[in-house]
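S.K.: In case you want the letters, here they are:
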Amino acid sequence: MKLVTGVIQPHRLDEVKSALEAAGVRGMTVSEASGYGRQKGHTEVYRGAEYTVDLVPKVRVEVLVSDEDVTAVSDAIIGAAQTGKIGDGKVWVVPVEDVARVRTGEHGDAAL
Amino acid sequence: MKLVTGVIQPHRLDEVKSALEAAGVRGMTVSEASGYGRQKGHTEVYRGAEYTVDLVPKVRVEVLVSDEDVTAVSDAIIGAAQTGKIGDGKVWVVPVEDVARVRTGEHGDAAL
Amino acid sequence: MKLVTGVIQPHRLDEVKSALEAAGVRGMTVSEASGYGRQKGHTEVYRGAEYTVDLVPKVRVEVLVSDEDVTAVSDAIIGAAQTGKIGDGKVWVVPVEDVARVRTGEHGDAAL
Amino acid sequence: MEEFVLDTGNTAWMLTASSLVLLMTPGLAFFYGGMVRGKSVLNMMMMSFSAIGVAGLVWAVYGYGLAFGTTAGGFIGNPADALLLSLDDAEWWGASITGVPALVFAGFQATFAIITVALISGAIADRVKFGTWIAFAALWVTLVYAPIAHWVWGGGLLGVGPIVDALSLPIDFAGGTVVHINAGAAGLALALVIGKRKGFGTEPMRPHNLPFVMLGAGLLWFGWFGFNAGSELAADSTAGRAWVNTLIATCVAMLAWLLTEKFRDGHATSLGAASGVVAGLVAITPAAGTVQLVGAIVIGLVAGVLCALAVGLKYKFGYDDSLDVVGVHLVGGLVGTILIGFFATNGVLGSFYFEGSLDGLFYGGGATQLVTQVVAALMSVVYSFVVTFLIALLLKVIAGWRVTEEDEVGGIDLAVHGESGYETITEVR
Amino acid sequence: MEEFVLDTGNTAWMLTASSLVLLMTPGLAFFYGGMVRGKSVLNMMMMSFSAIGVAGLVWAVYGYGLAFGTTAGGFIGNPADALLLSLDDAEWWGASITGVPALVFAGFQATFAIITVALISGAIADRVKFGTWIAFAALWVTLVYAPIAHWVWGGGLLGVGPIVDALSLPIDFAGGTVVHINAGAAGLALALVIGKRKGFGTEPMRPHNLPFVMLGAGLLWFGWFGFNAGSELAADSTAGRAWVNTLIATCVAMLAWLLTEKFRDGHATSLGAASGVVAGLVAITPAAGTVQLVGAIVIGLVAGVLCALAVGLKYKFGYDDSLDVVGVHLVGGLVGTILIGFFATNGVLGSFYFEGSLDGLFYGGGATQLVTQVVAALMSVVYSFVVTFLIALLLKVIAGWRVTEEDEVGGIDLAVHGESGYETITEVR
Amino acid sequence: MEEFVLDTGNTAWMLTASSLVLLMTPGLAFFYGGMVRGKSVLNMMMMSFSAIGVAGLVWAVYGYGLAFGTTAGGFIGNPADALLLSLDDAEWWGASITGVPALVFAGFQATFAIITVALISGAIADRVKFGTWIAFAALWVTLVYAPIAHWVWGGGLLGVGPIVDALSLPIDFAGGTVVHINAGAAGLALALVIGKRKGFGTEPMRPHNLPFVMLGAGLLWFGWFGFNAGSELAADSTAGRAWVNTLIATCVAMLAWLLTEKFRDGHATSLGAASGVVAGLVAITPAAGTVQLVGAIVIGLVAGVLCALAVGLKYKFGYDDSLDVVGVHLVGGLVGTILIGFFATNGVLGSFYFEGSLDGLFYGGGATQLVTQVVAALMSVVYSFVVTFLIALLLKVIAGWRVTEEDEVGGIDLAVHGESGYETITEVR
Ligand SMILES: Nc1ncnc2c1ncn2[C@@H]1O[C@H](COP(=O)(O)OP(=O)(O)O)[C@@H](O)[C@H]1O
Ligand SMILES: Nc1ncnc2c1ncn2[C@@H]1O[C@H](COP(=O)(O)OP(=O)(O)O)[C@@H](O)[C@H]1O
Ligand SMILES: Nc1ncnc2c1ncn2[C@@H]1O[C@H](COP(=O)(O)OP(=O)(O)O)[C@@H](O)[C@H]1O
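Sequences listed follow chains X, L, G, D, B and H, in order. All residue numbers for the first sequence refer to the numbering used here, where the first residue is 1 and numbers rise by one. All residue numbers for the second sequence refer to the numbering used here, where the first residue is 1001 and numbers rise by one. All residue numbers for the third sequence refer to the numbering used here, where the first residue is 2001 and numbers rise by one. All residue numbers for the fourth sequence refer to the numbering used here, where the first residue is 3001 and numbers rise by one. All residue numbers for the fifth sequence refer to the numbering used here, where the first residue is 4001 and numbers rise by one. All residue numbers for the sixth sequence refer to the numbering used here, where the first residue is 5001 and numbers rise by one.
Be careful, since some hints might not be right.
List time: in silico PhoX-like cross-link candidates among lysine-lysine, alpha-carbon distance up to 25 Å [stated by the list, open to error]:
no., chain 1, residue 1, chain 2, residue 2
1, G, Lys2017, G, Lys2085
2, L, Lys1040, X, Lys17
3, H, Lys5196, H, Lys5129
4, L, Lys1040, D, Lys3198
5, H, Lys5198, G, Lys2085
6, X, Lys85, B, Lys4198
7, B, Lys4198, B, Lys4316
8, H, Lys5198, G, Lys2017
9, B, Lys4262, D, Lys3396
10, L, Lys1017, D, Lys3198
11, D, Lys3129, B, Lys4262
12, L, Lys1017, G, Lys2085
13, X, Lys40, H, Lys5262
14, B, Lys4129, X, Lys40
15, B, Lys4196, B, Lys4316
16, D, Lys3262, H, Lys5396
17, H, Lys5129, H, Lys5198
18, H, Lys5262, B, Lys4129
19, B, Lys4198, B, Lys4396
20, L, Lys1017, L, Lys1085
21, G, Lys2085, G, Lys2040
22, G, Lys2017, X, Lys85
23, G, Lys2040, H, Lys5198
24, H, Lys5129, D, Lys3262
25, H, Lys5396, H, Lys5198
26, L, Lys1085, X, Lys17
27, D, Lys3129, L, Lys1040
28, D, Lys3129, D, Lys3198
29, B, Lys4396, H, Lys5262
30, D, Lys3262, G, Lys2040
31, B, Lys4262, L, Lys1040
32, X, Lys40, B, Lys4198
33, D, Lys3129, D, Lys3196
34, X, Lys40, G, Lys2017
35, D, Lys3198, L, Lys1085
36, G, Lys2040, L, Lys1017
37, X, Lys17, B, Lys4198
38, H, Lys5396, H, Lys5129
39, H, Lys5129, G, Lys2040
40, D, Lys3316, D, Lys3198
Just so you know, these hints were derived from the structure itself, not from any lab.
Given the sequences, and given the hints that come with them, work out the whole structure.
M.R.: The structure is reproduced here in structure tokens:
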């Protein structure tokens, strides 16, 4: 099993969710994040004092998948999140040694 | 070393913390997340317009453990987080190549 | 490729960012977290009722790096985040099987 | 009946005071709403807002008559007699004294009925069905608020008749017995019938937004000047006295609560400051126009300390008076009502209000006024507690009070109102 | 011209009422600001605050003259004639009747111009250039608000002349035609010219902070007592009637909106309560001093139900009136203005306001007043819609209305104001 | 001493105005509280709330006497002489002129003392011990506020005697020298003694909640009508003039600040709008009843631009006046106080206030009034700065001002008050 993590633009979340559903994914975990990279942040001004905010809002999507689905899932995320603009984000894959469903205690692919 | 991650129902956090303490865990990292899965979200209505919120609040618990403690720790999380209702969450295990304690710079099991 | 994750004191984020830039890192993902460990939380009092808050605020920094940069990057984080006080946090390394840049679809080290 | 001669000054003040008192209920929505957890802020606020709707409408249709209509044996007024719909300026007792139109008085009084209902909601935060609350609000204004208001202010049995003859005229300048003791006793009855929140005493239930609590306290204080100084029904020296006492007693109560906390817990908190403000306002309410500044200072001091201590009682006795309606309004109301027996100085002050009441123990009037105050307070406590308890039981049987445990844990805002207070990650895209 | 004799009571009330109405615009900033997404809360609030700045200044320099100066054919006043800068107490019509200084009246009226502009901004949330809004505000007060205010309140063609002679004197006690119908029609015109937000109808756009919406509703209600009871320009029985009607109609409208929702959607929401409050306030505005309590109750009921239904129209017809200026202010304003034709009881009530107007259909006055009300309402709708549409088109050509789509999606607060409303992770270190 | 004849209208207005001014301090708590970081919002608000408690109590016990009691050589009043506890309506100078009870005047003045103390707290945000602040508040009202109030308003050396004889009567209608210049100079002294926040000038310290800042600005504006128009102590034409000037000068200052920002930084911000509002209110304060509308417009314009520029000075000179008490209150107060020397038109206006003062340079009165204004302003600046500096040094030695650096970084709310402003992940379960 693998954990596919995508850090994407917040406004692409709906598209990514749909793409993952279409790819047969039945569950995922989403959280807020901030990104730092090529995409520039912005400057805010308060009473004349400038504040540079170099972190930009991102959303993290994590999907546990069986080994054979890895490519399909990462491609689904990449495809749906892509706008072609700097800051679209990253997708990465990490090996997972075990997964369990809390409700039932099942382990392995059955837990996905 | 391994990283055991649990995505659980927010109101089980206290129980999970206690169970982990009981299992001899001395540290963990907790963060907010939202889950998408079998558990249904809810519908909100604002001036007659419906909004479907399909993400449900979850809490992520991450515990770095030595190889021999993996099963004890995942079982502790599963046991404490289980309510038997859909949405109880997942627990997964990822291999970790190195851990360091920032304060001392120690590496490996000593850093846990 | 590896994923280096640091859980650090929030007020060290700026220093860590600078150190990572100096180490040649061009991107990272940052998120909020709460830590539980040796560092004590605090007690709040509301109308005489005490609430023990044992989670302390932390910031999580994640950096995807090529295999050869792992040590440099973890050392950079450790060095910059270190204050010597309890609660400075952890840094750990997880193997990554693949990374993709969403914008271009590039894979591997080129995606970093 | 004398001819009505308008006094534009008094009327201006009463229009203002009525507006100020109406603002108190949204203020209370913030005072209470900030104190609950984020998942139930809207429900808490809705209990206050719906109290305005229900109590306002009841008041308009028959509540004013119940409280201020021709008395039936001192117990209750005639709902039809003085129907708000046909109020005539020359017909109400205060018109010739104050030159304020009857409708202005009726409107001013409506705002009192409204906030008294809303105050009670603090005792039952986070757990009750909205429909049951609405029904309760209507029943309670009718069966509890209107009678007590009638007794004290509407020419009922605490205004004329045997009790007054035997003792003295009870003093309740702006609502110690009618509003605060009443709401406090009712809150206790409700909390007992309805039971505790899941997790009470074991799980942390801390205020989700303390600035909102401060906002509520600020708006309440502001509105309370209308409540207390408006209760003189005129813009005169006694109103000025009530105004200054409302400022100073509250200053002292805030400081007293903070000091009590500092000694006991090691911290002077903002929740303590906001709570001290409300405790002081509650306690000075019955006494505002009837004590000199030194009396106000003592009342503020006693209320600040006692209420700060009293809010812990619920943990001792195990009832979940969630936002301390008992600890603040019942205790604070008793402090003010009883200390009048010591500090009243009506002889000196002079206001049409005080004809028939005596000076307090410390001002040479003997103990009679003190006894009278205790009797009035007890009557309010007992009647309010008993009748509220019965109403609550009735509703428990007919409609049920509690939302499901799942809804309570998941958050009553979502379950009952289909909304959540704030934008969260799930909405931010 | 008679000599000016100050009435301190009426003046006290008008100073208070003016302050209350001014507070309504910051209140509106919260009512509206809480309803938009977190990324555009500041822009929403800035539209209200800047409306104060722009409309206030315009009013001071020539707006008051346009509305209340010597009439030019009933259509518009002379901007120079009654210049605010040289107002003389003895010079304005109301001085001898009310004993209120001219400047106080001018100030009171300024606050009406201000809030009317601000109300419109709800129709075009989250998407317009700030500079264009500023220009619009100045043009609109001049070309739309001032004329209609002149017609109705400034001795213009809805106050004297052929229309009044042929029919009757239209009744607009506190601004149904001048403020709410006007703002509603203008909002519709703007929404049509400016177009929809990106994602309208497809993406969720839920209120980011409902407690702020409740706060706004509370402050609006509070301020509205000044708006309605202040429109009597005196502290008298009619002001008292307006005050009570403003309370009770609003109570009923809130409950009616909640019931409508409960039946339709299954939930009684806090946004519904806040919206019902505003709908009731809007509807009672023109009628506040001219109907008895039963009329107020019916007006509140009709407004609560109709507005709750009307806010869905924008999805049917596909215009993005973002915060329902049409559904609440246009519809609510029409409800109140037209129901006056049924419920007016001026004969009984008596106020210098109503000389020349008739009782309503239900009070024996026949249908004339009803027809008159409809005519006045239509004139306001048509004039406001057409002229606003033209102003909006002009500005579209000259300056452009929309920020870039990228800025809209990323958040107008950051793009236009260089700020974000709340501290976020990126700032917390 | 003449017999006291109550004027209910003036009294109604003063009761209202007093309530409005009291609301300003909670309003300030939000204006300031929104501007600091989330981890110190409660402490910021507590400085305002505790200022109410402390200054209110001091005022009641002896402060009123110090300011308004029989003068000791023009420098200070007799604390015992006019003890608030025994105020007699017929005894104070204003009673026979205004018909307002003495206690109402004393209460009105209490609210001024309160807010002046609270204003200072903006200069020392996020870093001071709560106990030291409490002690400071008590000392400062006694040693700085009361004397200056006595000089200007209490029959002291800026009201009668050699300075007035040699020059003219300084004009401070509602508190330019007594409140704003005073608070600004004191803020500077405190900021210098106490030192900078850790991270000042290097770390971002942005407002954590700008809607709260807007709320504060809105409540301040609302309350300020009581502050300025109430300072006439009557509901008359001059009060009306003060009201209108308070509206229009503030409109202009808001627009001026926004334009200044737009030119300098490229953005018109909401913080700028809120700041412009306060700058305009500050500047018009001393002049509100004494200038015509054109004067008010110029004062607003100058204040808006100058204050927008002045808030940057602290970075240049390296003192951490955290929330710009100097840039807004000292600079704005000077603008208003000095421009009176150009724009005063007392001759025309007529109010008992202005007997003894002259018209301004632009109104044919020559330069004498201008010189007088400068002298009064300087006396306030110097006295306030020097005495505050000494008090601050004393407290530094005795009690210490700063919390530990760790507590400052970790958040003063948790460290000092044992609370945090908002629910966070750690509480949400
Ligand atoms: N080395 C990295 N490790 C972790 N996250 C990264 C890394 N590089 C980029 N990111 C994440 O990807 C996001 C997009 O990266 P960025 O460099 O801005 O644009 P792009 O990937 O399109 O070139 C960043 O905001 C950050 O969240
Ligand atoms: N494939 C997955 N990858 C990552 N997280 C998942 C996955 N499936 C479920 N989850 C997480 O587990 C939570 C519970 O899953 P759900 O399907 O609702 O119930 P259950 O696991 O009890 O069948 C989800 O809310 C989500 O956070
Ligand atoms: N076993 C663990 N697994 C995951 N995170 C941990 C673990 N132990 C500690 N942490 C994280 O590291 C932080 C610091 O740990 P702590 O024990 O307080 O201090 P230190 O590491 O300096 O001894 C914790 O707040 C938590 O976020």
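S.K.: All hints, please: hold or fail.
M.R.: Here is how each hint holds up against the structure:
no.: 1; hint: Lys2017/G with Lys2085/G; verdict: holds, 20 Å
no.: 2; hint: Lys1040/L with Lys17/X; verdict: holds, 15 Å
no.: 3; hint: Lys5196/H with Lys5129/H; verdict: holds, 14 Å
no.: 4; hint: Lys1040/L with Lys3198/D; verdict: holds, 23 Å
no.: 5; hint: Lys5198/H with Lys2085/G; verdict: holds, 19 Å
no.: 6; hint: Lys85/X with Lys4198/B; verdict: holds, 19 Å
no.: 7; hint: Lys4198/B with Lys4316/B; verdict: holds, 17 Å
no.: 8; hint: Lys5198/H with Lys2017/G; verdict: holds, 20 Å
no.: 9; hint: Lys4262/B with Lys3396/D; verdict: holds, 22 Å
no.: 10; hint: Lys1017/L with Lys3198/D; verdict: holds, 20 Å
no.: 11; hint: Lys3129/D with Lys4262/B; verdict: holds, 13 Å
no.: 12; hint: Lys1017/L with Lys2085/G; verdict: holds, 23 Å
no.: 13; hint: Lys40/X with Lys5262/H; verdict: holds, 23 Å
no.: 14; hint: Lys4129/B with Lys40/X; verdict: holds, 23 Å
no.: 15; hint: Lys4196/B with Lys4316/B; verdict: holds, 14 Å
no.: 16; hint: Lys3262/D with Lys5396/H; verdict: holds, 22 Å
no.: 17; hint: Lys5129/H with Lys5198/H; verdict: holds, 15 Å
no.: 18; hint: Lys5262/H with Lys4129/B; verdict: holds, 13 Å
no.: 19; hint: Lys4198/B with Lys4396/B; verdict: holds, 18 Å
no.: 20; hint: Lys1017/L with Lys1085/L; verdict: holds, 20 Å
no.: 21; hint: Lys2085/G with Lys2040/G; verdict: holds, 12 Å
no.: 22; hint: Lys2017/G with Lys85/X; verdict: holds, 23 Å
no.: 23; hint: Lys2040/G with Lys5198/H; verdict: holds, 23 Å
no.: 24; hint: Lys5129/H with Lys3262/D; verdict: holds, 13 Å
no.: 25; hint: Lys5396/H with Lys5198/H; verdict: holds, 18 Å
no.: 26; hint: Lys1085/L with Lys17/X; verdict: holds, 23 Å
no.: 27; hint: Lys3129/D with Lys1040/L; verdict: holds, 23 Å
no.: 28; hint: Lys3129/D with Lys3198/D; verdict: holds, 15 Å
no.: 29; hint: Lys4396/B with Lys5262/H; verdict: holds, 22 Å
no.: 30; hint: Lys3262/D with Lys2040/G; verdict: holds, 23 Å
no.: 31; hint: Lys4262/B with Lys1040/L; verdict: holds, 23 Å
no.: 32; hint: Lys40/X with Lys4198/B; verdict: holds, 23 Å
no.: 33; hint: Lys3129/D with Lys3196/D; verdict: holds, 14 Å
no.: 34; hint: Lys40/X with Lys2017/G; verdict: holds, 15 Å
no.: 35; hint: Lys3198/D with Lys1085/L; verdict: holds, 19 Å
no.: 36; hint: Lys2040/G with Lys1017/L; verdict: holds, 15 Å
no.: 37; hint: Lys17/X with Lys4198/B; verdict: holds, 20 Å
no.: 38; hint: Lys5396/H with Lys5129/H; verdict: holds, 11 Å
no.: 39; hint: Lys5129/H with Lys2040/G; verdict: holds, 23 Å
no.: 40; hint: Lys3316/D with Lys3198/D; verdict: holds, 17 Å
Of the numbered hints listed earlier, not one is contradicted by the structure.
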